[in-house]
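Protein chains in written order, with the numbering used here: chain A, 1 to 686; chain B, 1 to 356.
Simulated from the structure, these hints should not be mistaken for lab results. This one's a predicted model, so the numbers in the text were calculated from it and none came from an experiment. Be careful, since some hints might not be right.
[What the hints assert, rightly or not] For lysine-lysine, the following BS3-like pairs were computed, each having C-alpha atoms within a straight-line distance of at most 25 Å: (1) B:Lys41 x B:Lys246; (2) B:Lys246 x B:Lys303; (3) B:Lys208 x B:Lys141; (4) A:Lys354 x B:Lys150; (5) B:Lys91 x B:Lys41; (6) B:Lys91 x B:Lys101; (7) B:Lys105 x B:Lys141; (8) A:Lys196 x B:Lys27; (9) A:Lys196 x A:Lys106; (10) A:Lys196 x B:Lys105; (11) A:Lys196 x B:Lys101; (12) A:Lys198 x B:Lys27; (13) B:Lys279 x B:Lys300; (14) B:Lys300 x B:Lys282; (15) B:Lys141 x A:Lys196; (16) B:Lys338 x B:Lys282; (17) B:Lys279 x B:Lys303; (18) B:Lys270 x B:Lys338; (19) A:Lys354 x B:Lys141; (20) B:Lys246 x B:Lys91; (21) A:Lys393 x A:Lys406.
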Amino acid sequence: MMELLREHKYLQFMLLIAVFLLMCMFVPATDGSWLWRLPPLFKQLPLMINNSVDFLMFEWWLVDVYDPDIEEYEKQPVMRQVTRGISGFILFLIEFVRELILGGVKTIVTFTSWDWATENPWARWPGLPWTVVAGGAAILGYRLSGIGLALFAGFTFVYIAIFGQWEPSMQTLSFVLIAAPMAILIGLALGVCAYKSKTVETILNPLLNIAQIMPHFSYLIPVMVFFGIGDHAGAIATIIFATPPMVRLTLLGLKKVSPEVAEAGRMAGCTDRQLMRRVLIPTARRDILIGVNQVIMQCLAMVVIASLIGAKGLGNDLLIALNRLRIGLALEIGVCIVLIAIVLDRLSLAWANKQTDYFADQSFKQRHKHSIWFMGVFLAGVVLAWIGSLVFKEGFNYLYLIPHNKGLTTGPFWQAGVDWLWDTFFYTLKGFNEWFIVDVLIPVKTAFLAMPVVATFTLAMGTGFIVGGIRSALIVGGYLLFIALTEWWDRALITSYLMTMAVLISGLIGIVAGTLCAQHPRAARWLLVWCDTFQTFPSFIYLIPVMMLFGVTDTSVLIAIVVYATIPAARYTVVGLQSVPEQLHDAGSMAGVNRFQRYLSIELPMSFPHMALGINQTVVFALAMVIIGALIGTDDLGQLILGAISEKQGVGNGLVLGFCVAFIGLAIDQILRTWANQRKAALGLE
Amino acid sequence: MSSEASNSNDPVIRCENVFKIFGDNAKRMMKESGGEVDAAKFQEQGCIVGVNNASFDVHPGELLIIMGLSGSGKSTLLRCISRLTDATAGKIFIEGEDILKMNNKQLIQLRRSKMGMVFQSFALLPHKTVLENIAFPLQVKGVSTDDSIKRAGEMMELVSLSGRENYFPRELSGGQQQRVGIARSLAIEPDIWFLDEPFSALDPLIRKEMQDEFLRLQGVLSKTILFVTHDFDEALRLADRIAIMKDGIIEQLDTPANIVLNPATEYVRKFTEEVPREKVLKIETVMDPVNPADPVSDIKVSKDAIIESVAEVVLNSSKPVSVIDSTGAIVGAVHASKVVHLLFGGHSKETSGQLS
Chain A
1 MMELLREHKY LQFMLLIAVF LLMCMFVPAT DGSWLWRLPP LFKQLPLMIN NSVDFLMFEW
61 WLVDVYDPDI EEYEKQPVMR QVTRGISGFI LFLIEFVREL ILGGVKTIVT FTSWDWATEN
121 PWARWPGLPW TVVAGGAAIL GYRLSGIGLA LFAGFTFVYI AIFGQWEPSM QTLSFVLIAA
181 PMAILIGLAL GVCAYKSKTV ETILNPLLNI AQIMPHFSYL IPVMVFFGIG DHAGAIATII
241 FATPPMVRLT LLGLKKVSPE VAEAGRMAGC TDRQLMRRVL IPTARRDILI GVNQVIMQCL
301 AMVVIASLIG AKGLGNDLLI ALNRLRIGLA LEIGVCIVLI AIVLDRLSLA WANKQTDYFA
361 DQSFKQRHKH SIWFMGVFLA GVVLAWIGSL VFKEGFNYLY LIPHNKGLTT GPFWQAGVDW
421 LWDTFFYTLK GFNEWFIVDV LIPVKTAFLA MPVVATFTLA MGTGFIVGGI RSALIVGGYL
481 LFIALTEWWD RALITSYLMT MAVLISGLIG IVAGTLCAQH PRAARWLLVW CDTFQTFPSF
541 IYLIPVMMLF GVTDTSVLIA IVVYATIPAA RYTVVGLQSV PEQLHDAGSM AGVNRFQRYL
601 SIELPMSFPH MALGINQTVV FALAMVIIGA LIGTDDLGQL ILGAISEKQG VGNGLVLGFC
661 VAFIGLAIDQ ILRTWANQRK AALGLE
Chain B
1 MSSEASNSND PVIRCENVFK IFGDNAKRMM KESGGEVDAA KFQEQGCIVG VNNASFDVHP
61 GELLIIMGLS GSGKSTLLRC ISRLTDATAG KIFIEGEDIL KMNNKQLIQL RRSKMGMVFQ
121 SFALLPHKTV LENIAFPLQV KGVSTDDSIK RAGEMMELVS LSGRENYFPR ELSGGQQQRV
181 GIARSLAIEP DIWFLDEPFS ALDPLIRKEM QDEFLRLQGV LSKTILFVTH DFDEALRLAD
241 RIAIMKDGII EQLDTPANIV LNPATEYVRK FTEEVPREKV LKIETVMDPV NPADPVSDIK
301 VSKDAIIESV AEVVLNSSKP VSVIDSTGAI VGAVHASKVV HLLFGGHSKE TSGQLS
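Bound conformation, chain B alone (with noise of 0.2 Å):
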């Protein structure tokens, strides 16, 4: 669930120069185009510009999140992947393979195999059952019958929905739908995990309810994550990586911290600048090197903490606490005066220096 694995693996999904572009000519134009989309001037032809040059990796075991206000592109891409709409130009590859090369049956194997979804408006089958529902990508696949449900079954105890088995999706709350859409996307044990704003349609509290088990069932099942949401918040709190894209352009893909810190664009500036920053950011970014001069409490926190998890602790201290990396070994130090200024001294005034 880190970052570090990018160094390890070869990419599960792999982007290069992602188009996608609605219209009747699109393929003419992005062909004169030459690599250059002007989205502009795309519209004046009649020519929608969907994504527009999406170029990046997803490493195993990674959760990337897709973030971008409706229209920007993000479900777009999202479907260019799996291929429920085919890209206009460039190159998707899913372990290796360009899945733009698949013919039809390829690509149903591929399905099959390694990729379940999860939908903002649920998209169960309603004339299923929840069993049935979940089932449903097993039995597209061959599976007998017997197996599939009783398969389906442990998929119902996964998400804790176990006596609603004969119920019908309209006889459900939207958070139990959601359940079950999250069953039936992992009935198949996929490898790659794609959620179009899974909690979207859901009211606040029952969505931060799924986002605790989101995280949960990732923590157990480590899969390999694409996440599409327009809640900035939402992808802070899940996100390994942030891609936020605008009018179908990759604004800035990074890590919550360094989008936070380093917003790359104004646009990325305006959504981080109400984001509190204890919230986001680890003790590691407000620590500093260690001093042996300097005396140390006997507290020792860890350097990936949260601020706002730690942030009592080094306030009461008197002294300055030790932060440790995962080996137990002592990194760094934080000063309790730099904790109150990332609380209390404004986000984006931080060089005024204003102290309460």
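Here chain A stands alone, though its shape is the one from the complex (with noise of 0.2 Å):
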């Protein structure tokens, strides 16, 4: 008996399910019962948390500042000085970009004071015409790449501007313009610091880990304690935001570079600097650029987010439409801020990719052809705005600038499209709605919250001891152990319901439809390429159309958990089965398989541990899904996490419950990467 159990792995996980069960059914439901749940023991955790942050603002290292208000010396602490530093520096950025974009006064006044300002009323940078900044794109476009690329970013701009979201795009631009390149220097620097030192990165591996699954949320709670709240503190939580993937793909970029290339590289007598610059980055860049993608994805993806401290744009907007249910506005809304991340991804990859030709003999005017035109686009537009200002003497000048929500709107249309929908499918989706959410949720909810806290540590350690031995049972349980001794035991079965049913109806999706897609090369590009347009959209974004449907409802979080988690588990088996070798194809040609015996014999078994990893992404994403559904209702860990930014003593709560919801991640994070890991060396992929 014993030995058989340690021949089959499976039959040691059907005695774990057993014995499981079995606890489910016998172990009661009483309070106190510590089989049932576990004590809060953390329960202070929070308010230590507080205390600290209190005593590091307001207590530690007092310094003597002098204040030119009441003009003498005050007791200020250091931290906050450093950090009103570090807001101003880049509350500073933003409004130089944003003023020299949309005009005003707030950069002079930097450089002067208010007095100046008032007293000189000519003192004011007027913005500049709609028509000359999208001019301006589309001469960049077309010189980094190509008549295409002028193109759309021409449209992008045309765009925004003619459906009235001028303002707040460009406000939303100069946000991502400053917290982008911000965000990609400190991850090349990190990477680049890992690279070379094994003990960074031994430090920094836990600390992404933790970064990059945590929800977005619990970053602004601690930012806006520390930073305060308007552009710079959305800037900032974006900035931690988008941060680790740059350091993670920096890092695996210049491990990947060959060491002959290096060596190529210190031969041909390069220092240290010029062999980072010069050879290695460069080399890895592929790796790197698609940090830079994450990166300005990241950031765009955090513009709503970041909305709730204060950054101004495109995000607040797109949340006040949603609130008040405008669908049709909130799609046009949340088609900027898409076209927007698209523009800067396509700019900054065209950028990079950019060559030089040495033998072209070119005269002043060639060379400098781009300039000319963009004075060209500049006076043509100005004298454009001025036409305007003849032409609209009453009202606004459309050709300076078409104010907030007085340009084409499309939101009747969809507003009538939604109608109809109602209209129509009322009963239809109603009735699904009603069915899903008692039929199905609700069972599984309450099953899960049944679930006694002995059987689910023993179902969640025994997975982790059989999959990767003692090591991974402890790591498992830690991570359970934190959660548990929290007072939010419940709150987290909430969230694991809402994320076990997504990712077992998204892994299910993208299985099925990356397999099927993956059985014809163009159909599997073709999946690709609609991987990489989801992606694309900030994740917000798929929260419209779902509440269009389905309302405030349960339905909703989970249809949009679904559909933004599907992608991962799709690309990951796309690609996991395209990478079975050619020569394990005609191997079992040869030995006379049908299509389907191959896929279930060779290709499934091989492309197995790629599944996997698109599974432990597909985690990742619901996760942040879940959490980013606390916005259109959910009784979750994200809903308390999002009343803690409201709550004046947030700091403690909301990271608490930050790791909470990290630490569901990392522990199934945990179990899938060993498994996969394991299968990989199993079967010499790596």
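Starting from two chains that each stand alone, build the complex the way the hints lay out.
Written out as structure tokens, the structure reads:
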């Protein structure tokens, strides 16, 4: 019996399930029983965090600081001065870019004073007509890539202008134009450090893991406490959130550079700095550029969330539109965000791939033709704006700036569409919605909540043990223990229930769709393009259509999660199946397998590790989305985090809640990754 | 290009008891061993011996080939001499200066002015065009863009790649990529040229072509060369002298002919067994002293001629053929029977005297 168990892991697993079910049945749901729920020993943890943050911000290390308002020195905590300095610097940069496009006076004030600016009313930067910005973007696109990108960039800005989203879009753009490069630079620097020093890598690794899996909301609260509210706070939260993938991919890329290339650089007589800048980083640029792309996407994904702590722009508008259920408007704003994301991504990509032609013998005019064009566009734009001021004497000068929500709008059309859907499919949708909630979601939720804590631990740690031995079991147990000792175990169970449902559905859809598409090269390519496109959308966008159809319910949240989280499952399935070597296919064919046999006995086992990593990503995506789902109403951890943002003493709660969510993800990550790595090693894939 | 040069000048590269041992406590173990390194004992302690007590000189204009199978330490030795990796013990002199004592700055200066290296996998920078790749060593040195590009253009011509300046490495065939690698390594006009299995990644036909190209270049440039290969035929074809390595130890270091004729160890003999001698040996190894009594034919062959290339002449002649040195003086005579014996007599069984 024991032999049999040791031989077959699935038998171990079945035994584990049996034990788990027995525990579920026989452990009584009595308050105070440790088998049912652990006591909230960590109840004081949030408070302790709050106190230490307060201490850091208000009491630690006081220094004398000159206060110009009362003209004398005052005791101020160092931390506060530092964060103020950072805030001021970032805010200045954002305002500078913003006023470059939209005009304003704050930048001028920074270098002079409000008094001076009031006395000299001429000292205002007037802002660029939207035509000039659109033309400039097109020229930039043309210079970096070609006519295709020029048209696309130009189209994007024209779209933004005529749909009346100019001001919020430019606010968002200025925010991203500062946050993204900073995240990229910080990420690159940290990645390089980690590459050079093993110690740094060892320290960074767990931090990155947690940072990537922490829900977006939980960053907001500490950032708010340290840096206050406003564009800069939003930018800082965004930078914290967007940097980890950049670090990861930089490190990955650098590690992949063949040692001979590095040696060639050293033999060419490169100094350490030259080697890094001119050999290693450019050679690793494929991965680094993926990192840049990720940063830009994360920045725009954070646009909505950053608006919760005061970032101006599209995010705020989108949030308001969603809250008022103005689906059409939300859709237009969503399109703006997506367009900006794609334009920035393509431009940065083209910039990184730009080549120099040494043999083109160019005249001054040729070399500076793009600048000359821009001057032309600038003049034309100004002239147009001037003509506009003559034509549109009353009201708005549409050739200078199309005011907010005074442009075209397709809102009514979408609204009508939604109404029509409602009218036509009301009973179908409602029927489905009710059935799904009553017969599927609520029973599952109840089942999750009815799990005694001892059973959950047995299942999770047992799975960890079967997959990765005692080490995995302890790691998984440690993560769970943290959650169990907070007072939010039940909420965490609700989060897990939503996530589990979503991952099951997404995984199924993703693997089936991926498998079907992988059968045909063109279909596979098509699927990957779709994955790319969908991944470009900030996660928030997914809430719009589902809310349209299912209102504020768990169904909406679940569908949004499924749509979002299916992407990695499908992508990794396709990639995994495609990476099965051609020779194995041939060997299978010569052994006389039919298509289905080949899939079952060759392709599936070979690509299983890939699929497991895909599911791992699906878990991460799903968790992120579950928490965002709080914005349309759930009753899990996410809702509490959202609540913590508006609490005075929310830091501790927010952070601990964030860790709870992160630890759910990390526990699953531990099991799936260990398993995938074992399989990979066994198959000789790495 | 001949070993005679060895007398005339000081060595360009000189290695004295060089050791390279991989492992965390390599330095300590090296110290304790007192210069006697036993690979098996080191392995027990978790150390791997890469190079074991290598000492040799390379003279100006000489082409020394380091030959060995994979894991023999040949690339490690090359990397010690270029100081891509630091030797654990020993001394390495480049033109009389101990490079192990150089600081980073001096080392960079040395590489920028004196060294060039070609790699097995080409190691071209994927983001730069062919031209930029070749200009790269000049640009890191601080040469202006115009000058470096002009110089790179000349190098392209030297390796017969003109017209592909704006190609990217990925758009070239393996042979062409290695030409770029060669041009890059020569761009700064180095005195010392390191080649690490430069042709191993190429198809046999291309490899032959590249070897010819290499000989042509060396004929023009006369660099001091350290060439690593695992291909014994390649070594015989190109080398002035060959160092055969096994498990980090140089088993034998000698001219191709001497290695084939007098293998120092059993290991070296295994390599030489299958080698057709007529392709390696020069006429002087089979000539007899001049005997005035013998009738000699009018045909003359150089003593440096490879036997294979003159075998037909010698065999077709009814009388022994005269052998002359580079000045034209007769130094010996070759009998057809000796050539026949060499060609058909069987290699290792010369004593049995089987003639077909």
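Here is how each hint holds up against the structure:
1. B:Lys41 x B:Lys246: holds, 17 Å
2. B:Lys246 x B:Lys303: violated, 33 Å
3. B:Lys208 x B:Lys141: violated, 34 Å
4. A:Lys354 x B:Lys150: holds, 22 Å
5. B:Lys91 x B:Lys41: Holds. Lys91 (chain B) to Lys41 (chain B) sits at ~24 Å (cutoff 25 Å).
6. B:Lys91 x B:Lys101: Cα-Cα ~9 Å, so holds.
7. B:Lys105 x B:Lys141: holds, 12 Å
8. A:Lys196 x B:Lys27: holds, 23 Å
9. A:Lys196 x A:Lys106: violated, 42 Å
10. A:Lys196 x B:Lys105: holds, 19 Å
11. A:Lys196 x B:Lys101: holds, 24 Å
12. A:Lys198 x B:Lys27: holds, 21 Å
13. B:Lys279 x B:Lys300: Distance ~19 Å between Lys279 (chain B) and Lys300 (chain B) Cα, so the pair holds.
14. B:Lys300 x B:Lys282: holds, 14 Å
15. B:Lys141 x A:Lys196: holds, 24 Å
16. B:Lys338 x B:Lys282: Within the cut-off at roughly 13 Å; holds.
17. B:Lys279 x B:Lys303: Given pair Lys279 (chain B), Lys303 (chain B) holds - Cα atoms ~14 Å apart, limit 25 Å.
18. B:Lys270 x B:Lys338: holds, 24 Å
19. A:Lys354 x B:Lys141: Status holds; Cα separation ~23 Å.
20. B:Lys246 x B:Lys91: Satisfied, since the Cα-Cα distance of roughly 21 Å is no more than 25 Å.
21. A:Lys393 x A:Lys406: Status holds; Cα separation ~16 Å.
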